[in-house]
Amino acid sequence: MTWWQNLVEDFVTNFVVDNRWKFLTDGLAVTLKVTAFSVVVGLLMGFLVAVVRTVHEETGRFKILNAIAGAYLTFFRGTPVVVQLMLIYFVVLGQWMGVTNKMLAAVLAFGINSGAYQAEIFRAGIQSVPRGQFEAGRSLGFSYTQTMVTIIMPQALKNILPTLCNEFITLLKETSVAGYIALQDLTKGGDIIRSRTYSAFMPLIAVALIYLIMVLVLTYLIRRLERRLKRSER
Amino acid sequence: MSDNSNVIIKVENLVKAFGDNVVLNDISTNIYKGDVVCVIGPSGSGKSTFLRCLNLLEKPTGGHIYFEGNDITDKRADVDKHRQKMGMVFQQFNLFPHMTILRNLTVAPMKLQGKSKEEAEAYAMEMLGKVGLADRSDSYPSQLSGGQQQRVAIVRALCMKPDVMLFDEPTSALDPEMVGEVLNVMRSLAEQRMTMVVVTHEMGFAREVSSRIMFLDGGDFVEENEPREFFTNPKSDRLKSFLSKVL
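Those protein sequences? They're chains A and B, same order as listed. In terms of my numbering, the first sequence opens at residue 1 and continues consecutively. In terms of my numbering, the second sequence opens at residue 1 and continues consecutively.
If we strip away everything but chain B, and leave its shape as in the complex, we get (with noise of 0.2 Å):
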């Protein structure tokens, strides 16, 4: 899996500070076809920070991300354009609530990539049908519940046919019923292949899906190791404190 050639994000020396608060410091990392990376650690750990630098919603304060072989931190990158190969799922859902589920899914898709309307509709339906909500496409947003809304979120950012997917803590904002729902939604997604960040709390998610599991604190990645050896043998004495107070 090591192979460069199969390395779809590169982070190189990557550093974020708000002002004097130095929030990532010097973070690299690969990111790899096929990976399902879940990024845990306490809050202010710099997670979701992490998270939002991949597709730039947070411009980087020094270092290079590289997306498909591609520097798109350098100033000349055309952002818009690698976006659209980026899917990405907050965790307060972020649907458009003046659209309807459809039009939420095919906005995209007919503005950036010229799908005609039919092979957008068809599409979005299609993709609908798989998370079960293809009889609710022409609701509004808020007529929606909360894990139906994020289940739809995960579906318009895959409607655009994105490389890789990047959830912010998809389930924090969501009833402890409706959790399963959508983590059900991002498992087939795993078991499709699908190269997947996930900033997350969900540990039991974490030890079962991912191939990867990445433990920020402080702005530093501590440790990182496949999910068995992550929970079973942890190394350093912040993931074993982490863990023994949240599992």
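Isolated chain A, as found in the complex (with noise of 0.2 Å):
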């Protein structure tokens, strides 16, 4: 046999018999799932980190909150993902709460965690907006929220959208362990088609491909959206 046929065998061993590039379609759908919905956990949780944050810098008000804020940050930047993952999935849920929802657990971890850099953009944001908007905004009158929400969310979002993309870019692919709690993403999958067919390259090698071109495809998106952003500025 020629290498051809035998990359080609390996490709039907691996993907046409019995179905089994259903494993990777099921797993893009649930990796896409659990995606989305960290993507909006995160994004609640990073600006109202950042919110009380910022707020606390500058009035010293939300002492409380602002400490909780800081133990987060701390916790979730500073340990791994995985083990936030199953700390999640089998002390916070399973053994605190009786639940046992794979796909809550996984949502709930990479949410909260890539919240907590989120907050960083979102601060980092609200910063790069210079003092003088802020003082213009309350000269006329606004109070400090109205000054907050009309004058400087919007420019420091904007300053801010191409960065908050990138970590989503990271997000998905940082939930590609979320096997460890044997939810079957993407990249579990494809372990799994390995662990039948004993041929690691083909099932590896789609997967990667495919991550790959979901970024590819956002990094694009990004680009253009930064240059569009650009053109509205001068």
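It is worth saying that the hints were derived from the structure and are not from the lab. Treat the hints with care, as some may be off.
As the list claims (entries may be wrong) - Cβ-Cβ distance ranges computed for the label pairs, FRET-style:
no. : chain 1 : residue 1 : chain 2 : residue 2 : range
1   : A       : Leu-229   : B       : Gln-113   : 29 to 35 Å
2   : A       : Thr-163   : B       : Glu-229   : 54 to 60 Å
3   : A       : Leu-32    : B       : Ser-142   : 35 to 41 Å
4   : B       : Lys-85    : A       : Arg-77    : 42 to 48 Å
5   : A       : Glu-226   : B       : Ser-139   : 20 to 26 Å
6   : A       : Arg-77    : B       : Ser-236   : 57 to 63 Å
Unchecked claim - Within a straight-line C-alpha distance of at most 25 Å, the following computed BS3-like cross-link-like pairs (lysine-lysine) qualify:
no. : chain 1 : residue 1 : chain 2 : residue 2
7   : B       : Lys-111   : B       : Lys-130
8   : A       : Lys-63    : A       : Lys-158
9   : B       : Lys-111   : A       : Lys-158
10  : B       : Lys-111   : A       : Lys-63
What the hints assert, rightly or not - Heads up, incomplete: computed chain A residues facing chain B, CB under 10 Å, no partners named:
no. : residue
11  : Ser-128
12  : Gly-132
13  : Ser-139
14  : Leu-140
15  : Phe-142
16  : Gln-146
17  : Pro-154
18  : Glu-174
19  : Ala-206
20  : Ala-208
21  : Tyr-211
22  : Ile-213
Only a predicted model underlies this, so the values are computations on that prediction, with no experimental measurement involved. Even for Gly, the Cβ is constructed at its ideal location relative to N, Cα and C.
Dock chain to chain to rebuild the complex, using the hints, since each chain is given by itself in its own frame.
The following block contains the structure:
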């Protein structure tokens, strides 16, 4: 047999026989679902924490909330996401609350983890808006909150949009450890095929390529977005 | 001019310190309705800080500021409400870069004074016309020159129909050839009897337009006089030496 025939046979065994390709497509669906929900959780967490920390820095309010936010950032940026995932699935949900929903555990773990990074992105965004903008808003009679919402936030969001989208790409790739709690995401799907066919190359390369294509598409979209934002500036 | 009913801002024993650094040292003065007060002095003399204390962008360390009879340094005072009546113009313009010129002018009247869009825009366009920028209403701030931006910033403050206008070195960040157009707008405001407090280095403007000049040095009001006396007959040595350097 030539190497080409080998490759074709390998392909058929791994993807066609027993409809094994379905492990990949089903896994991809799970990966996309986990990522999408995690993005939402992360945005909420990140935004709230950034607001708490910024308000505390400027006004001294929210003392207790700020301490909680500080602890949250330290823990979730200081420990591996796999460990957090298992803690949430086995301990927090499983042991303490009697819940065994893998999808929920994954969304919480990846979302809360990503939120810790997004909080710092949001905060940097708020700080990137010149102080004079804040003063101009206040001098017109806007309250602190009105100034933040009407004047600071729109500029901050525009500044951080590309960075934020890069964080979503990171998040997409990080969900590949979901297999640690036996959630059948894309990576796990490829791994299951490997365990059935005893061939590693074909399923793992397929998994890698699917991630790569998704990342490339997202990167392309971000670059277009960046160019668009720059155009409206001048 | 000096009867009490005409006092629009009353400053009483104002002290401002940043840590151990006392920037304003027990300052008292009155700003009267229709006054055009220029505050001059060497850099670091506290004149910008003084101006920023008037609308509480800087929180005074001690003393009181009364605006139209209300103690705005009181904890219970609704500062946001009072600021609506005190327009401010900054050295760096501080227009909102994400909004068109028209939106810059209407956002505060609409959100804070409940003006309808039509009403706010009509007034904004009228005011914009007065400073010769009616054709730039759809532009963004970054598409305007510095002088144009500062004129818009003045109009933005005026759209709130303030009772007093505060200017913090409004021409210091401008190219020399743009200073004139901004000073002209301010001059015509003064002619319309707008109450103005102007921190400036423009001695010509202070001499021609102001009703009163205050000289601030080292956190104290050293001398205060009507412009002619101020320039031709300075009394303190500190003012004499300052004028000899800038004139």
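Going through the hints against the structure:
no. : hint                                : result
1   : A:Leu-229 <-> B:Gln-113: 29 to 35 Å : 32 Å, holds
2   : A:Thr-163 <-> B:Glu-229: 54 to 60 Å : 59 Å, holds
3   : A:Leu-32 <-> B:Ser-142: 35 to 41 Å  : 39 Å, holds
4   : B:Lys-85 <-> A:Arg-77: 42 to 48 Å   : 46 Å, holds
5   : A:Glu-226 <-> B:Ser-139: 20 to 26 Å : 23 Å, holds
6   : A:Arg-77 <-> B:Ser-236: 57 to 63 Å  : 59 Å, holds
7   : B:Lys-111 <-> B:Lys-130             : 24 Å, holds
8   : A:Lys-63 <-> A:Lys-158              : 29 Å, violated
9   : B:Lys-111 <-> A:Lys-158             : 22 Å, holds
10  : B:Lys-111 <-> A:Lys-63              : 30 Å, violated
11  : Ser-128                             : 12 Å, violated
12  : Gly-132                             : 4 Å, holds
13  : Ser-139                             : 4 Å, holds
14  : Leu-140                             : 4 Å, holds
15  : Phe-142                             : 7 Å, holds
16  : Gln-146                             : 7 Å, holds
17  : Pro-154                             : 5 Å, holds
18  : Glu-174                             : 32 Å, violated
19  : Ala-206                             : 44 Å, violated
20  : Ala-208                             : 40 Å, violated
21  : Tyr-211                             : 35 Å, violated
22  : Ile-213                             : 34 Å, violated
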